[in-house]
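Student: As a plain string of letters, each chain reads:
Number of protein chains: 4
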Amino acid sequence: MQKGRLEAFSDGVIAIIITIMVLEIKRPHGDTLAALKPVLPVLLGYALSFVYVGIYWNNHHHLLAGVTKIDGRVLWANLHLLFWLSLIPFATDWMGENHFAPATLAVYGAVLFMAAMTFNILQRKLIALNGPDSVLARAVAHEWKGRLSPLFYALGVAACFWNAWVAGAIYVALALGWLVPNRRIERPLPPASAAE
Amino acid sequence: MQKGRLEAFSDGVIAIIITIMVLEIKRPHGDTLAALKPVLPVLLGYALSFVYVGIYWNNHHHLLAGVTKIDGRVLWANLHLLFWLSLIPFATDWMGENHFAPATLAVYGAVLFMAAMTFNILQRKLIALNGPDSVLARAVAHEWKGRLSPLFYALGVAACFWNAWVAGAIYVALALGWLVPNRRIERPLPPASAAE
Amino acid sequence: MQKGRLEAFSDGVIAIIITIMVLEIKRPHGDTLAALKPVLPVLLGYALSFVYVGIYWNNHHHLLAGVTKIDGRVLWANLHLLFWLSLIPFATDWMGENHFAPATLAVYGAVLFMAAMTFNILQRKLIALNGPDSVLARAVAHEWKGRLSPLFYALGVAACFWNAWVAGAIYVALALGWLVPNRRIERPLPPASAAE
Amino acid sequence: MQKGRLEAFSDGVIAIIITIMVLEIKRPHGDTLAALKPVLPVLLGYALSFVYVGIYWNNHHHLLAGVTKIDGRVLWANLHLLFWLSLIPFATDWMGENHFAPATLAVYGAVLFMAAMTFNILQRKLIALNGPDSVLARAVAHEWKGRLSPLFYALGVAACFWNAWVAGAIYVALALGWLVPNRRIERPLPPASAAE
Chain E
148 MQKGRLEAFS
158 DGVIAIIITI
168 MVLEIKRPHG
178 DTLAALKPVL
188 PVLLGYALSF
198 VYVGIYWNNH
208 HHLLAGVTKI
218 DGRVLWANLH
228 LLFWLSLIPF
238 ATDWMGENHF
248 APATLAVYGA
258 VLFMAAMTFN
268 ILQRKLIALN
278 GPDSVLARAV
288 AHEWKGRLSP
298 LFYALGVAAC
308 FWNAWVAGAI
318 YVALALGWLV
328 PNRRIERPLP
338 PASAAE
Chain Y
148 MQKGRLEAFS
158 DGVIAIIITI
168 MVLEIKRPHG
178 DTLAALKPVL
188 PVLLGYALSF
198 VYVGIYWNNH
208 HHLLAGVTKI
218 DGRVLWANLH
228 LLFWLSLIPF
238 ATDWMGENHF
248 APATLAVYGA
258 VLFMAAMTFN
268 ILQRKLIALN
278 GPDSVLARAV
288 AHEWKGRLSP
298 LFYALGVAAC
308 FWNAWVAGAI
318 YVALALGWLV
328 PNRRIERPLP
338 PASAAE
Chain F
148 MQKGRLEAFS
158 DGVIAIIITI
168 MVLEIKRPHG
178 DTLAALKPVL
188 PVLLGYALSF
198 VYVGIYWNNH
208 HHLLAGVTKI
218 DGRVLWANLH
228 LLFWLSLIPF
238 ATDWMGENHF
248 APATLAVYGA
258 VLFMAAMTFN
268 ILQRKLIALN
278 GPDSVLARAV
288 AHEWKGRLSP
298 LFYALGVAAC
308 FWNAWVAGAI
318 YVALALGWLV
328 PNRRIERPLP
338 PASAAE
Chain U
148 MQKGRLEAFS
158 DGVIAIIITI
168 MVLEIKRPHG
178 DTLAALKPVL
188 PVLLGYALSF
198 VYVGIYWNNH
208 HHLLAGVTKI
218 DGRVLWANLH
228 LLFWLSLIPF
238 ATDWMGENHF
248 APATLAVYGA
258 VLFMAAMTFN
268 ILQRKLIALN
278 GPDSVLARAV
288 AHEWKGRLSP
298 LFYALGVAAC
308 FWNAWVAGAI
318 YVALALGWLV
328 PNRRIERPLP
338 PASAAE
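Residue numbers (my numbering), protein chains in the order written: chain E, 148 to 343; chain Y, 148 to 343; chain F, 148 to 343; chain U, 148 to 343.
Isolated chain E, as found in the complex:
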């Protein structure tokens, strides 16, 4: 199996996901700056999802950089992750167009929850295949962000029906938490020339 083609395909799908969201931003009615106002929540949701998909691309990048072998199981675990990522544009659009109504925020959080879960599954399959001495296995040995993320998304979903602002704050805080790169994975990587 060719790791390079899996990376290229995943990059393609993620690049399309991150970009097509903009197609769902409806043209403002009118030609004044005031006409942009109803579009603002949609743009806000777009920006948040752009960051999230960017984080997934970044983490996916690190995940595969830390392993050498892939197999059919990894391939399907990867497609499973891509499936949930591909629902982000749909959830983002629904949420933005409805000004972050509780049910739309909950569905958005549920999609992020599933993406986090399937990312963990992919990571487990890669470690099982590449062994406990792989760069990836050592890098994530003491890693807690990835493991705790699903819990926080679940909290966010639960909070939606209690207080939408709390849910929104949880989603934004998680995105910010992930923007900080995982130094443990970044450090032990072989130099670029060797990893390519």
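These are calculated hints, taken from the structure and not from any lab test. Just so we're clear, the structure is a prediction, and the values are computed from it rather than from any experiment. Do not rely on the hints blindly, as some may be mistaken.
[Claimed, not checked] With a cut-off of at most 25 angstroms between alpha-carbon atoms, the simulated SDA-like pairs for lysine to any residue come out as follows:
(1) Lys150(F) <-> Ile274(F)
(2) Lys173(E) <-> Phe230(U)
(3) Lys150(U) <-> Pro249(U)
(4) Lys173(U) <-> Val198(E)
(5) Lys173(Y) <-> Leu298(E)
(6) Lys173(Y) <-> His246(E)
[Stated by the list, open to error] Per the computed footprint, the stretches of chain U lying under chain E, defined by three or more beta-carbons under 8 angstroms from a beta-carbon of chain E, are:
(7) 218-226
(8) 239-248
(9) 251-257
(10) 319-326
[Stated by the list, open to error] Quick look at which bits of chain F chain Y covers, simulated, 3 or more residues with Cβ under 8 angstroms:
(11) 153-166
(12) 170-176
(13) 275-281
By construction, the Cβ of each residue, glycine as well, lies at the ideal position given by its N, Cα and C atoms.
Fit chains Y, F and U to the known structure of chain E by using the hints.
Tutor: For chains Y, F and U alone, coordinates are given in the frame of chain E:
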């Protein structure tokens, strides 16, 4: 001819096909969880097609990994396959929006039938060019899934006008049957470093 | 300048062009096979454009395989070609939805004419840069298809306002003429391993 | 970190941005050449944005060709640039559909301003990481276009509310100014084989 560029182009087209389907899921009318209900058949169809396109990507990957030479005929056989795959979003959308009405299920099955047929044609052209001793030729010598698939799709299409549930069950069963990787192709492949 | 990145970018754009056309096929009104009937001209136009974009991808592939050097002029000549190719989905959609009305056929032909012209410009810039001894220069020395194509598209455009069937026949005949690979370019190419 | 995968991902996103704009050109109402007339401003805006996105792809290409190292900061600076580029289709569509009304021209210019600013940030982060002796650092040492561009976009935005033609002229002039490749970056680059 460059195999790498054919793979990259096919990956690009397949990545776009698998992702743009989500653009056709219409935003729910309303901001409650109940508003999601009419979208469920569309999401279900999307999930099924996502699996099918994923299977084609996976099989295409194996197909080209088992050969070394390509020519103009292969290139056009490949584009012929991509053409039918590109109609999957259209067929999926029509089927989901009409709650799996018989005619829509039949068209969906017909597109899958044509994709299976053109995949077989591409495989034959690759074997004709690379010879009976190529990795691909030896791998598919006793392979029956690929050869029988068109027959099952044809059965599914015929079943649509008799009992839509049977047709749907055939499509889902075929998808599940393909999720199991073809061990015969996977085993005799040279190691990843040599195949790249 | 990196030829590889120019090829990858062009492949990306062409893959997107060939695939997004399907997004413009409107969902049939109704859930019967009869409801597909008004969609047929759109599908026909889609199939023709799919073949045309496939031909351009194929020819672009050969064009760059025959050279080693690129520069800023080549890059912009390439973007100029991609610009006209990117208008094919727009022209295809308008033509199909209006059942090949003369003006829509003329605009479709005009876009193909501009694509053929910009392809010739790109070829000239590549030969000017890579010299008369490059594989490309020798391959196209006696090539007439590329040079005569714009003339035939112009004839097709002119024919639109006289007899739409003649125009359509010219476009289809040109597509078929290009499906036959240019043996002169294919033959003198170095083996795949050297060309990559 | 792998420079190649960052380039591939960016190329993917830019290829999608440059191509999906065409999806937003609405089908003309009617099947005559006259029906194309209301589409002309949209096509004009599309052509301008196509050139701008092409310029960014070109410059991005040179930027990364001039460095060897990337890190997490570069990755996020790159995504920041891609975010603003991804808003170009939205701004283009709104501007074209409203015949270049002042507010729409101002928003278009503001998006270009942010893209120019984030390009500068990315360049600074790359130079900080790769040192003052990197090919990039030496190439842009006396470069003024990149540094002055944001100023001109800001002027263009300000001009929108005074005279839309002046603003449009500034945007077109800037695009033309960038079409001329930066010879300083192009010249000191290592040969293609070494840079790849």
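Student: It remains to establish, for every hint, whether it holds in the given structure.
Tutor: Each hint tested on the structure:
1. Lys150(F) <-> Ile274(F): 15 angstroms, holds
2. Lys173(E) <-> Phe230(U): Status holds; Cα separation ~17 angstroms.
3. Lys150(U) <-> Pro249(U): 40 angstroms, violated
4. Lys173(U) <-> Val198(E): 30 angstroms, violated
5. Lys173(Y) <-> Leu298(E): The given pair, whose Cα atoms are some 30 angstroms apart, is violated under the 25 angstroms limit.
6. Lys173(Y) <-> His246(E): Holds, at about 17 angstroms.
7. 218-226: As far as the stretch 218-226 of chain U goes, the hint holds, because 5 residues have Cβ atoms under 8 angstroms from chain E.
8. 239-248: holds (count 5)
9. 251-257: holds (count 3)
10. 319-326: It is violated, with 0 qualifying residues against the three required.
11. 153-166: Three-residue rule met by the stretch 153-166 of chain F, so holds; n is 9.
12. 170-176: Held - the stretch 170-176 of chain F has 4 residues with a Cβ nearer than 8 angstroms to chain Y, which meets the minimum of three.
13. 275-281: With 0 residues closer than 8 angstroms to chain Y, the stretch 275-281 of chain F misses the three-residue bar; violated.
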